[in-house]
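J.: Read off the chains here:
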Amino acid sequence: MTTATSKTHITALTRQQHLDLYYYMRLNRELEGQMERLFRQNKIVGGLYSSLGQEAISVGTSYALGPDDWIAPMIRNIGALLVRGFKPRDILTQHMARYTSPTRGKDGTSHFGDLQVRHVVSPISMLGDLIPVMAGVAMGGRYLGQKIVAMTWIGDGGTSTGAFHEGLNLAAVQKAALVLIVENNQWAYSTPVERQVPIRDLADRAKAYGIKASIVDGNDVVAVILASREAVDLARAGMGPVLIEAKTMRMRGHAQHDGAEYIPKELIEAWKARDPLDRHEKFLTQNKLWTSETKNEIDGRIAREISADVEFAENSPFPPPEFAEEGVYCEGCHNIEPQWKRPKEELMPPRSSVIPAWPKSDSRAVVERPPGSKATHIESKNGSDAPQNKIAAKRSGPSPAKRKKVR
Amino acid sequence: MAETTYLEAIRQALFEEMDRDPAVLLMGEDVSVYGGAFKVSAGLLERFGWERVIDTPISETAIVGAAVGMGFTGLRPVAELQFIDFIACCFNQVTNFVAKSHYLWGAPVPIVLRGPCGGGVHGGPFHSANPEMYFVHTPGLKVVCPATPYDAKGLLKSAIRDNNPVLFLEHKFLYRRIKEELPEAEYTVPIGKAVVKREGRDLTILSYAAMLHNSLEAAAQLEKEGISTEVIDLRTLLPLDRETILKSLARTNKLLVVHEDTRTGGIAAEIAAIVTESAFEDLDGPIRRVTSLDTPVPYAPTLENYFLPNTEKIVAAARDLALY
Amino acid sequence: MPVDVVMPQMGESIFEGTITKWFKKPGDRIQRDEPLFEISTDKVDAEIPSPSAGVLKEIKVAEGKTVPVQTVVAVIEEASAAVAASAPVASVPAASSAAKEPAASPGPPPTAAKSTSSPAIPAMPTRIAPPSSPVSQAGSTEPAEESGDFANGHKIRSSPLVRRLAKENNIDLATLAGTGAGGRISKNDIMAAIQSASARPKPTPPDAPRPITSPPSTAPGSAGAVFHATLENAVPRERMYFGSYNASPMSVMRQRIAEHMVASKHVSPHVYSIDEADMTRIARIRERTKSEFEAKHGTKLTFMPFFIRACVEGLRSFPTVNASVDGTTVVLHREINVGMAVALDWGLIVPVIKNAEEKNFLGLARSVNDLAERARNKKLRPDEVQEGTFSITNPGVYGGLMGLPVINQPNVAILGIGSIEKRPVVVEDAIAIRSMVYLTLSYDHRVVDGAVAHQFMSKVKSLLESWTEEIL
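Residue numbers (this note's numbering), protein chains in the order written: chain A, 1 to 407; chain B, 408 to 731; chain C, 732 to 1203.
Treat the hints as calculated values from the structure; they're not laboratory data.
Be a bit skeptical, because a hint or two may be false.
In silico BS3-like links for lysine-lysine, alpha-carbon gap of 30 Å or less [to be verified]:
#1 K147(A) - K212(A)
#2 K446(B) - K631(B)
#3 K586(B) - K720(B)
#4 K360(A) - K446(B)
#5 K344(A) - K446(B)
#6 K564(B) - K654(B)
#7 K7(A) - K282(A)
#8 K87(A) - K272(A)
#9 K654(B) - K631(B)
#10 K1090(C) - K1190(C)
#11 K564(B) - K344(A)
#12 K631(B) - K341(A)
#13 K996(C) - K898(C)
#14 K295(A) - K7(A)
#15 K752(C) - K791(C)
#16 K720(B) - K631(B)
#17 K654(B) - K898(C)
#18 K175(A) - K446(B)
Note that this is a predicted model, so its numbers are computed, not measured.
Could you put the whole structure together from the sequences, leaning on the hints where they help?
T.: So, in structure tokens, the structure goes:
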């Protein structure tokens, strides 16, 4: 596990940034608490998902991005939406199915986005599918000459899907500027991670895709943002996708309807002690980055903001019934204009013309190991590992005792 | 322009649109150096380069998902599925991301998903699919099935320019078998409009893709028996051109729908429901259909020929209907 | 062996009948041809004789119920092996209280009984080929082949398109034969019907006793569409229901009469020519000879045969008055079939004397009396109430100087006879007392012009006034 030293922790961000992190995390938590109350008052119907205990991940990772970068949040990444500029009222009206919501009532929870300004892609409920989509976003941005990074999240359960594999594989092969945060909160609904995957660290999967990965304490917001910055820089530099496994714990059930009795109480208690907000507050206090006044001011601001936005949401109308018929097709409602950041001529003939043959360096047909790497299999004398050569080697090669063992 | 095959017409459309708009690119399996499994994209790499003609891994979900993501950045990717049968592998992406994004959160997905469909080439059950109805049943998509080189080119151009996701089904049987002269000047064919290929009085045959040609053959035979058959090429299945269908029905009062798709839930069923709802009193006979059997596509030629519709079956059904 | 008794088809376009009375109950013995039950239909009420001898096993349709033709209404357990024909002969004992000899002034009025001043005339049927010959069908008749199966509108096979076109063009599908698959009425058939002669029926039952008369080969004009009268109110109904009243639904016959009247007035522009005839001569002849006539011929001598005879001569001279109008085609009938309106307690009926031009006076007299009698007794056959070419009505029997009758379609004229009364008239510049009668000809000005009408009337009048024919 990569843990940052205290010094780096403090100096890596400005004071304001430290306070921002607190603000967003606190806003995240208070907003979700409010939504829980609204749900129990039947003002939010359908499903309600909580990211309690995981705020540092949503906030820390998205905070590392630039304004032109793209995110695709999942269900427990409301913090990322807030960092990107959505307001509590956007999230409240979404959950309360009002006409003033970003989707005007067409979808609920965090299923909304903004292509133009905040560059947020809405998820669908199926897991893993955001990964190939965000790979495409990264590829598209690069195509247009933009130096963007696409960031998305996936849970430990979601890494089991085919879409995870296909998307990450494509992103890796294409060296797309994708940062994938694997939030390992130990539980996929009622399934513990030990039942979900056969490995301990999901970051190990990165090796299969030839990409870099890091493991971070998901409840340490500064560690998260530092790891994210590193990943974002690498991706932006064209190093291909980067995977961050953030270790954390889901402090509530899968959704409001899930009491999560299947989670051992001791586990919850242990992780309560590692609560990200508590930790950051302590960090700020200990390092004199704020006073209680500052805290109160921020908390007060948050309370007022949420209260105002709850009122706005509660007073918002529901969409008119006929609205259900609109929007199936885009017929003139959008003018699609990509943001070119490079000369288009580069992609047009004659400048785009190439020789239609595979470059030699792409060919893996020749089995030549990169210099300095170790053999992990039997080597026959003439350097080829074709089975017939192995047999030939057996007949004519050195005695078995002298050969390296297959690991 | 010389006589152009259906396949060549598709390639021309890709060339022309990629020439016209740098935001258009092609991605799929074996499309760059190889030029595509059927050589539809031969020559594209040479002209437009590696960034615009992208070979992908065998990952339909990733191919379609990446196309969606590119679409979100404002590009117009054309994603090729090597055989349209493999769209089953990315059904989730197509029905949940591609089709729903605009309706749910106002994000248009201006992509084209294209691939070879159809049987009659000894392709067997996994290389002969006609999957159109899964997607005609999915609001948010457009589904296009050209039958002629002219329409293939014109419709692909329209599909690429459309802000909506278009499923473009190229019938592989027609790739090299159908040729016609194409205009020199640029043209497009509008999505959502059927076309009357042959006028007639006694009954109307609605068809599309490969079966259109069988229907025209049947109409020529029926003419000799004194039965005057109107033949309409639907061209687009979603959105369906109700107006042309109903207008023809008002004149001939008898409808026969011919499609290579299997029987149950084929477009004929939908058309029958639409016609009965909107124009019941224009019917002088039941709506009939000639379709493939409700089975997977079998491999042996004797089985596949029995499975598929053909000109004789169309003639027999049309004759029955005309004499009703 | 059980024999089905079915609701007969009393006319080509009749598709249902109402059982008005059962004369037997289950368990009763019944003879072949014995009256078994009585029905009421659009056109005619009739007594239906039993198709076979035996015991009435079961009554399936109760009195007062209306069922489609060919419905099995009863079952007879047959006594003999012979299977009888199901000839629906119209023979019904009538509870007729029509005054046969209403009080009138000079001469006994014709036996044509009651009518109102504007005589209501029951709808004349279009062609029917009655299944009336005894050798035609077995006791349990099956529904006829499709083209003859006019059980009700729904049994006729057509298509939504055909039904719509029929409705839009007021064509009765029951009158068309189908050339589509299985005999259905196809688009071609309905289009042909719309274009050619309107709704000319082509009956094809197995034993049509009459040959089919096709439209004239000199097809001069085009067909007209059939007007369908709907009975409407002229004022909102609230204005009718006030105070104390008794509302009862019209009988089928009354409804048909009502519809016919509306249709006739709608279609034919009615013009009236009124004349008066001096009946003194005929009155004297009749006075002199009526006892002898009755004794010799066994039938009463009324005024009606005189009038009919005169009309026949008039129609011979003016064939336009003996015609029908089909759109823009004038159909001149070669036969002269004179219908005479007979008032019934329950309505009106117009039995027709066929080929009146071939009958002598005695023949006419016999026909008149026979038809009137059987009309009142509900014993008319369907063919006796159709194919008239000219009609006569005699409202004068009930008083009143004259009437202005409604044309009995598809005729183009009807003669109304007022009461025969002694009136002072001028004869050779002196006043004489004569038995006079007002005659009114209502005629259809589409084909009959005033000149023709008046000339016709003059001829009738002069024949009546100078009667010369030997009648005994």
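J.: Hint compliance check: list the failing hint numbers for this structure, sorted ascending.
T.: Hint check: 2 and 12 fail, others pass.
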